[in-house]
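Chemist: Read off the chains here:
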Amino acid sequence: MNFTWTIALIGLTFGQLPDAKLYEVNEGSVYFRSYAPLELIEASSTELKGLINTEERTFAFSVPMSSFEGFNSPLQRVHFNENYMESKQYPNATFSGKIIENIDFTKDGLYTVRAKGQLNVHGIKRERIIRSELQVGEGQIEVRADFTVLLAEHDISIPKIVHQKIAEEIAVEIRAVFLPKTP
Amino acid sequence: MSKFSLFLLLFTLSSGAVLYAQEDDLLALLGEEEETIEYANASFKTNRVINLHSLESTSAGVLDIKISHRFGTLNRGAYELFGLDNASIRIGGDYGITDQLTVGLGRSSYQKTFDGFVKYKFLRQSKGKKVMPVTAAILATTAIQSMKWQNPDRENYFSSRMYYTFQLILGRKFSENFSLQVSPTVVHRNLVKTAAEAHDVYAIAAAGRIKLTKRVALNAEYTYVLPDQLLPGFRNALSVGFDIETGGHVFQLHFTNSTSMIEPGLVTQTVETWGNGGIHFGFNVSRVFTVVRPKIQ
Chain B
0 MNFTWTIALI GLTFGQLPDA KLYEVNEGSV YFRSYAPLEL IEASSTELKG LINTEERTFA
60 FSVPMSSFEG FNSPLQRVHF NENYMESKQY PNATFSGKII ENIDFTKDGL YTVRAKGQLN
120 VHGIKRERII RSELQVGEGQ IEVRADFTVL LAEHDISIPK IVHQKIAEEI AVEIRAVFLP
180 KTP
Chain U
0 MSKFSLFLLL FTLSSGAVLY AQEDDLLALL GEEEETIEYA NASFKTNRVI NLHSLESTSA
60 GVLDIKISHR FGTLNRGAYE LFGLDNASIR IGGDYGITDQ LTVGLGRSSY QKTFDGFVKY
120 KFLRQSKGKK VMPVTAAILA TTAIQSMKWQ NPDRENYFSS RMYYTFQLIL GRKFSENFSL
180 QVSPTVVHRN LVKTAAEAHD VYAIAAAGRI KLTKRVALNA EYTYVLPDQL LPGFRNALSV
240 GFDIETGGHV FQLHFTNSTS MIEPGLVTQT VETWGNGGIH FGFNVSRVFT VVRPKIQ
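Protein sequence lines correspond, in order, to chains B and U. Counting in numbering that gives the first Met the number 0, the first sequence runs from 0 upward without gaps. Counting in numbering that gives the first Met the number 0, the second sequence runs from 0 upward without gaps.
Just so you know, the hints here were simulated from the structure itself, not pulled from any lab data. Misleading hints may appear alongside valid ones.
Straight-line C-alpha distance at most 25 Å; calculated DMTMM-like pairs for lysine to aspartate or glutamate [said to hold, decoys possible]:
id, chain 1, residue 1, chain 2, residue 2
1, U, K294, B, D145
2, U, K129, B, E68
3, B, K106, B, E141
4, B, K87, B, E152
5, U, K126, B, E141
Interface residues of chain B toward chain U, partial, derived using beta-carbon atoms under 8 Å [stated by the list, open to error]:
id, residue
6, E68
7, R125
8, K159
9, V161
Keep in mind it's a predicted model, so treat the numbers as computed, not measured. Every residue, glycine too, gets a C-beta built ideally from N, C-alpha and C.
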């Protein structure tokens, strides 16, 4: 029985990998565009936060919904937070998971990877695989990812009266520069 | 099950759990962000409750055109279609110079009155890094009544047409669905009819909002005029109504015993009472136009 516990403990220890390599977002932005027949709405946030664990190949991103600026009017921004995203209740959009490809972060280069994880928007989690480009070099990781979010998948309902003004599918662009996390 | 397969199971379970835990840990690590200031917004749907100014201001670079109607009183009966045959109108526009400073102009058909105001929000309710329990704004208005002189033969002064209002608006958004504000008010009238009437009339107004759905809210406001300032027969104004918001428009539908839509009339000239059906049905339509577009980073 002692032997059993030893093995189980070894298993736990291996799983934890004490000296994880963490990179964190130094400069990051999220931009989105709703391109509907009657109106184009654009907004962006520079308050993107993110971490990549280069050994585990795990990652996490988070952006506060209330940090988006732009829109066609200040009222539209209020409506975005109040009526659509319900930012008080669901303050952040997050994406966290694991990079599928087994890439070597110690080698410089441009990698196209698939990031698999849970995209949480408006409190609704969806499993997504998002294609991303990673530029590794000069001690930093640059991330670019373009993808779309279907409003219906995240229970964001559009009243009939504004159907022609808000797209059902929102284009999102992520740009971020990661630097080693300082403890 | 052999002991060995039990280890394997344990091993797989533990490493799997650790992996998920790490992803969650990463998210949790992100959560350790520095505290920010979180301002309360959208305490009211627009910068008016019904007749009273709400604690909201017009956003910078936005022009808010308001067209308001008050029909006749319900107690006029079927002959006047419960007041709908008569209407009193105010047409006005408010403009946000900054997010805190709003100016506005208007013209009411009631006593042919022009009005202008300046409103400055000097405290914003916030939580987080900076805690401020209330929003506070100061409002100054001038109204000029432009009706023909009642006695053209005597010496009349232009200043006799002027009314001034100063109001402090203190309010709080208690929850997503409930906001309340209190407004100590003074209305100065340059000319009063009799010596028994006060030039400066003090009042306290209160207004609240209950958000019923994302786009519909129930509003109520009451103006209490401190005693012994007005002649008997003048009343306190009570108004109840709904705000319905559709994109760039806010429709406010309400019932009120005040004919005037601006402070001097609201505080000092309300004669109707709810008790005998002296209630006006009315609406305000607010349409916002973005004059200066917000920049995208």
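Chemist: With reference to the structure, classify each hint as holding or not holding.
Modeler: Hints, verified against the model:
no., hint, verdict
1, U/K294 x B/D145, "22 Å, holds"
2, U/K129 x B/E68, "22 Å, holds"
3, B/K106 x B/E141, "14 Å, holds"
4, B/K87 x B/E152, "20 Å, holds"
5, U/K126 x B/E141, "34 Å, violated"
6, E68, "6 Å, holds"
7, R125, "15 Å, violated"
8, K159, "11 Å, violated"
9, V161, "6 Å, holds"
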